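Keeping their order, the protein sequence lines are chains A and B. Heads up: take any position in the first sequence, counting from 1, add 140, and you land on our numbering. Heads up: take any position in the second sequence, counting from 1, add 5, and you land on our numbering.
By construction, these hints were calculated from the structure, which means they are not laboratory data. Only a predicted model underlies this, so the values are computations on that prediction, with no experimental measurement involved. Please note that a few of the clues may not be correct.
[What the hints assert, rightly or not] With a Cα cut of at most 30 Å, we get these calculated DSS-like pairs of lysine-lysine:
no., chain 1, residue 1, chain 2, residue 2
1, B, Lys182, B, Lys166
2, B, Lys72, A, Lys354
3, B, Lys166, B, Lys35
4, B, Lys288, A, Lys354
5, B, Lys288, B, Lys333
6, B, Lys212, B, Lys166
[To be verified] For the chain A half of the interface with chain B, some residues (derived, Cβ under 7 Å), not all of them:
no., residue
7, Pro174
8, Ile177
9, Arg178
10, Gln179
11, Pro225
12, Gly357
13, Leu361
14, Gly362
15, Met369
16, Asn372
17, Arg410
18, Val420
All residues carry an ideal CB built from backbone N, CA and C; glycine is no exception.
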Amino acid sequence: MKKIRIPLMFLLLTLALLFLLTLSLGIGSVPIAPNEIRQILTGSGDARLTRILLDIRFPRVLGAALLGGALGLSGFLLQAFFRNPIAGPYVLGISSGARLLVCIAMIFLLRFFAAAPFICLMAAAFAGSLLVTGLVLLFARRVPSMSTLLVVGIMTGSICTSLTDFLITFANEADVVNLHSWSMGSFSALTFANLVPAALIILPAAFFALLLSKPVGAYLLGENYARSMGVNVRSFRLLLITLSSLLSATVTAIAGPISFVGVAVPHIARLLFGTTRPLVIIPASFLMGSGFCLLCDLIARTVLAPSELMLSSVTAVFGAPVVIALMLRKSRRRENA
Amino acid sequence: MREISFSVQALTAGYGNIPVVRDVTFTLPKGTILTLIGPNGAGKSTILRTISGQLSVLSGTVMICGKALSGLSPAALAREMSLLLTDRVRPEMMTCFEVAAMGRYPYTGRFGRLTAGDRQIVRSALARVHADDLAEQDFLAVSDGQRQRVLLARALAQEPKILILDEPTSYLDIRQKIELLSILLEEARERQLTIVMSLHEIDLAEKVSDLVMGIRDSCVFCSGTPEEIFAGDTIRHLYGIQEGTFLTRTGSIELPRTRGNSRIFVVGGAGFGLPFYRALTRKRIPFSAGILFENDLEYGTALSLAVRVHSVPAFARTMETAFGEAEKDLLACQAVLDAGTRIGETNAANARLLASARSAGIPVWRTIHEQD
């Protein structure tokens, strides 16, 4: 039973993902049936539908899958780093930090360019992520408990958010339109133009994370044990935090902050797969993050169509209860020290 | 002379550049157990962390199986030495087998997959710590003692030549302590594992160690075989015990004696007096004890707890030499406790003591023992 569980779960997860992809491609203001999708992909479909599918749906759906995967994985890496299941890019304020710097970069760059170059936004998001991670780390080292981590993260996040809102209020009229939809977190602005560079960052980073699965496993036993087994802890920690920041920064740079995916997905993955082995949970977190974001995006754009719900409202509905459950379970075990 | 597996010369250990302990030197042949004892905060953990490569060596040399610690890569060191630390280990959703299997880290490939051989080694390590039945259980769901054994199995699965343990018996109950130490003894004797550890329980340290090193005030206070260390007043001085006693011969720890004029006289012998000495000390009642042979089981305890002890040399033919003083002391007490020791030929004087108490009108309390 135990041997078959992991491959079986991967199979089910892949099937669910394929189903969600087809569903997301098909559903919208103009429905497209699966066989029409096949026709379009083989180049023999209706011209109008082809344009809708290839120019609008594909980037959005593939983007949701890619960025969702990045968020799930980023959350897992942060949890390994802090050795704390409550960690995630949004919960720890890392997304908000990235958002603040991206916002500053946008306002600054839009004075010189018609559209801000992706690479600059990416760099700003990465810098913001690292900054907040460093700050949270500083506190977490001093008081190593789950609630402290959470409180510090939320507070840092709130400060970044209010600074961002402050900046948006004082930005030019024209910038505001641009900033507003992005700063709420949404997959609606995805195009192949920003998806390709994002994929070029996310996919190698994910592969690299998989290569780290062995030391991540050792690190679960704590820093000292990991060192005694031959892990070079200093460079490992640096690598871990760089990868997770890179992943969540990429998402924030093109889709804005998206809540609770990073904290909820790895936890659900651990429960479903019944293990915490990084070699299993790293790909599982990526796939489940993809599925989770595809589903949430689908809900966000269909429930109140033609108007769209905020993506973060949907992810929060599913994700926040997971955080609460984690906290409750922890305090029941009386190990919140 | 057996092969030297671990040697430390003139080591200074500390945090950052601040030395905590100076001039630590020892040489351990394969399969020996060295135990560090001493008051809290003396630097035992600092020494252990330094000789295991977790802290950098401030000065001096550490040689592991003939190779300098400084010259070993973390991966190479991990094949020579493994640790059992005081760190709380709380991995989510890991079975005990998975935790123990982490010990194979230095031997597995890029992705850390276990071969059949690795699994066999982990299973054997779990069996040696009597935790084979825990293998599939959640590590967080088992008891403290079981968890410690699984972590020990992890350390053994690393197949080290040297095992370092920092206070491995803290948080364990007495049965678990004995279990853990006997596993260590087994590993040292059967598999020639060299063990360095720190212990709080000096009585257990005496029993399990080949060598004992006492650390006090940032330096090595004493070092030698347990027979050398646990003789005389070394332990008292090591821990700076002013009040109370550590009896080196029996390994028992006694509270400080109650001072004042004796109110009770205990007539004991052959260990029967022990519970009374301790009960009276607990109630802070000053008492005298006698007449005891100096090789009596309870003599040491009586000496450390009673205001006065009346005794005669070991294997004396009679107790006459002490009778006069004892009777004088007894007649000044308010009550006499007869511990119930059998009266034979050599301790007949004790029967006369009880008789003179009765005739003087001093109440004599007596406990009935089944063997009487």
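Here is how each hint holds up against the structure:
Of the pairs offered as hints, the one joining B/Lys182 and B/Lys166 holds, with about 23 Å between alpha carbons and a cut-off of 30 Å not exceeded. Between the alpha carbons of B/Lys72 and A/Lys354 the distance comes to roughly 27 Å, so the proposed pair stays at or under 30 Å and holds. Our distance criterion of 30 Å between C-alpha atoms is met by B/Lys166 and B/Lys35, whose separation comes to about 8 Å. With a C-alpha separation of about 60 Å, the suggested pair B/Lys288 and A/Lys354 falls outside the 30 Å cut-off, and the hint is violated.
Between the alpha carbons of B/Lys288 and B/Lys333 the distance comes to roughly 24 Å, so the proposed pair stays at or under 30 Å and holds. A threshold of 30 Å between alpha carbons decides the hint, and for B/Lys212 with B/Lys166 the separation of about 22 Å falls inside it, so the pair holds. Below 7 Å, beta-carbon pairs count as interface contacts, and A/Pro174 has none with chain B, the closest being about 37 Å; its hint is therefore violated. With 7 Å as the threshold, the beta carbon of A/Ile177 stays out of range of chain B, its nearest partner Cβ sitting at about 36 Å, so the hint is violated.
Below 7 Å, beta-carbon pairs count as interface contacts, and A/Arg178 has none with chain B, the closest being about 37 Å; its hint is therefore violated. Given the 7 Å rule on beta carbons, the hint for A/Gln179 is violated: about 42 Å separates it from the nearest Cβ of chain B. Using the Cβ-Cβ criterion of 7 Å, the hint placing A/Pro225 at the interface with chain B is satisfied: the shortest such distance is roughly 6 Å. The beta carbon of A/Gly357 comes within 6 Å of a beta carbon in chain B, closer than 7 Å, and the hint placing it at the interface holds.
A distance limit of 7 Å between C-beta atoms decides the matter here; for A/Leu361 the minimum to chain B is near 5 Å, and the interface restraint holds. Evaluation of the A/Gly362 hint against chain B yields a held restraint, the C-beta minimum of about 5 Å falling below 7 Å. Hint on A/Met369 holds. Least Cβ distance to chain B is approximately 4 Å, under the 7 Å limit. Proximity of A/Asn372 to chain B holds as hinted, the smallest CB-CB distance being about 6 Å (cut-off 7 Å).
Annotation: interface hint on A/Arg410 holds; nearest CB of chain B at approximately 5 Å, less than 7 Å. Interface restraint check: A/Val420 against chain B, minimum CB-CB distance 11 Å, threshold 7 Å, status violated.
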